[in-house]
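Enquirer: Protein sequences, first through last, are from chains A and B. Under the numbering used here, the first sequence is numbered contiguously, ending at residue 1070. Under the numbering used here, the second sequence is numbered contiguously, ending at residue 1070.
Rather than coming from a laboratory, the hints here were simulated on the basis of the structure.
No copy labels: a pair is met if it fits in one copy or bridges any two.
Think about it this way: if two alpha-carbon atoms lie no more than 20 Å apart in a straight line, the pair counts; the simulated DMTMM-like pairs of lysine to aspartate or glutamate are:
hint	residue 1	residue 2
1	886	905
2	1030	847
3	1047	847
4	1047	984
Number of protein chains: 2
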Amino acid sequence: MPVPRDAASRRSGIPDATVARLPIYLRVLGAFAESGLPTVSSEGLAAAAGVGSAKLRKDLSHLGSYGTRGVGYDVEYLVYQISRALGLTQHYPVAIIGVGNLGHALANYAGFGTRGFQIAALVDADPRRAGEVIAGIEIRHLDELETIIKEHEISIGVIATPAAAAQDVCDRLVACGVTSVLNFAPTVLAVPESVDVRKVDLSIELQILAFHEQRKSAGLHGEPGVAVPDVVRTSVASA
Amino acid sequence: MPVPRDAASRRSGIPDATVARLPIYLRVLGAFAESGLPTVSSEGLAAAAGVGSAKLRKDLSHLGSYGTRGVGYDVEYLVYQISRALGLTQHYPVAIIGVGNLGHALANYAGFGTRGFQIAALVDADPRRAGEVIAGIEIRHLDELETIIKEHEISIGVIATPAAAAQDVCDRLVACGVTSVLNFAPTVLAVPESVDVRKVDLSIELQILAFHEQRKSAGLHGEPGVAVPDVVRTSVASA
DNA sequence: CGTCGCTTGTGAACAGGTGCACAAAGCGCT
DNA sequence: AGCGCTTTGTGCACCTGTTCACAAGCGACG
Ligand SMILES: NC(=O)c1ccc[n+]([C@@H]2O[C@H](COP(=O)([O-])OP(=O)(O)OC[C@H]3O[C@@H](n4cnc5c(N)ncnc54)[C@H](O)[C@@H]3O)[C@@H](O)[C@H]2O)c1
Ligand SMILES: NC(=O)c1ccc[n+]([C@@H]2O[C@H](COP(=O)([O-])OP(=O)(O)OC[C@H]3O[C@@H](n4cnc5c(N)ncnc54)[C@H](O)[C@@H]3O)[C@@H](O)[C@H]2O)c1
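When you get a sec, could you build the whole thing from the sequences and use the hints?
Expert: Have a look at this one:
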């Protein structure tokens, strides 16, 4: 029985690009709701979210036909529908592994819990850190990792360890049932296909910005649109 | 004079998707270089970077025809070429605005300076923070923002203030010449077209993971690929 | 020097995502 | 009820990016 639906539909019914934007809409809608606005047009919402209105309408159309022609979308109802589509009607406990500089900031981050996420565990390899309490959560030692993950039925792990430890930690998380990982360490993690990994990488972001900076300054004293000037293959190591 | 080159070429010669991956290749190549490996095949490099080998070859082909058929790519030379393409032969001073939990972590982050970036200034609105020294840099008060940016000729700004202050800070940065912004605050920033903004948003990442989590657990006790069940439009506010 | 095996670079097909433009649909006003 | 104004939802064309598959190129080896 061939089911030649397109790949996006086969997986979830909602395209990845849309899923990545839904949280932005959700946040903007939250602000609208607080200011008491009952409805928004696609135009208004799109402007606030920094996207085109057609794209926004197409995104929302994947969730269903909410919205009233001639009027717009009911803010509260749309918040509910997007939340439901994203799976935010459930609460997800998360564990943070590696409570150094970054891990501390994450643990203290208030915006964490606002949308259905709750820090259930903090884990670090350094025995001196064990026992320290941050934001009401006690740091536990790495030895207890498996116990803690299973005890709290954690399915989302946040890795904030040094790069060298990340793959190891990730393997252990996956082994005890974690199926989603948010990785702050600058490494490519290898995981089974059934596990989702997203990465947040500061230095990659900066390097992308640097690329565009270079483009801009090159344009100032040269032809716009010229290719990168080629260099003779000499003195490689000197640069 | 019509110049119907494709849009990617018109902008820079290198597609955006490729630019976003080059830093990953660069990091992996760095590891290879340290372990003394003289050359890599596209297969080997692709595996370490977590991409397909064809994609990697196409990416590299946008920089030029480095690489030797039957052999692979010279690791050191490729590092140099990618660095050059990304504009990392120059050094970029960056400013961090907002030195709270997150700002402190960023300022202490060693991996920052490793690839041509250097923290040139720390700025915070809280007068009690002014004078504090982190990683050898003194925190300055927000009032001095314009002076500092111009003094150091900073073109890349990192915003780590609360969301409410982000747009304001961004406007001021742009006004004194900053052309690239890395935004950690959960807000959509409005900027002129000539300015690049990239955002790092923890809660968006988590929400995307939550979406996939939901998909997985739905699959366990239902049909895979079913659409989201529709709900009657009642009791909107109750959820 | 010719041949063989390996790996690059790329044309071409494909897939996913975007933006335009408009018909369909609801609302309010007369 | 009818009309006109507004805004949604979507078909369609376009464009960017991915994947496949293979000819061309290079080194090694006999
Ligand atoms: N600090 C930043 O702003 C920043 C920015 C981007 C990326 N990162 C990355 O985030 C990671 C953490 O950065 P940081 O500045 O917090 O470093 P850090 O050295 O301050 O903290 C690392 C923590 O991880 C713990 N740890 C080490 N091995 C562990 C293991 N196997 N299991 C559990 N915990 C372990 C250490 O005890 C330490 O507390 C690094 O990979 C870094 O590259 C940091
Ligand atoms: N802490 C995290 O892990 C984390 C994660 C993701 C996103 N964020 C976001 O990053 C931002 C900072 O988070 P944080 O935890 O460091 O908050 P924080 O409250 O600890 O720090 C904010 C700092 O910004 C300063 N500030 C306020 N207004 C300012 C202004 N107009 N100009 C300059 N400085 C100003 C404050 O004095 C304070 O030092 C927030 O927008 C937060 O939502 C934080």
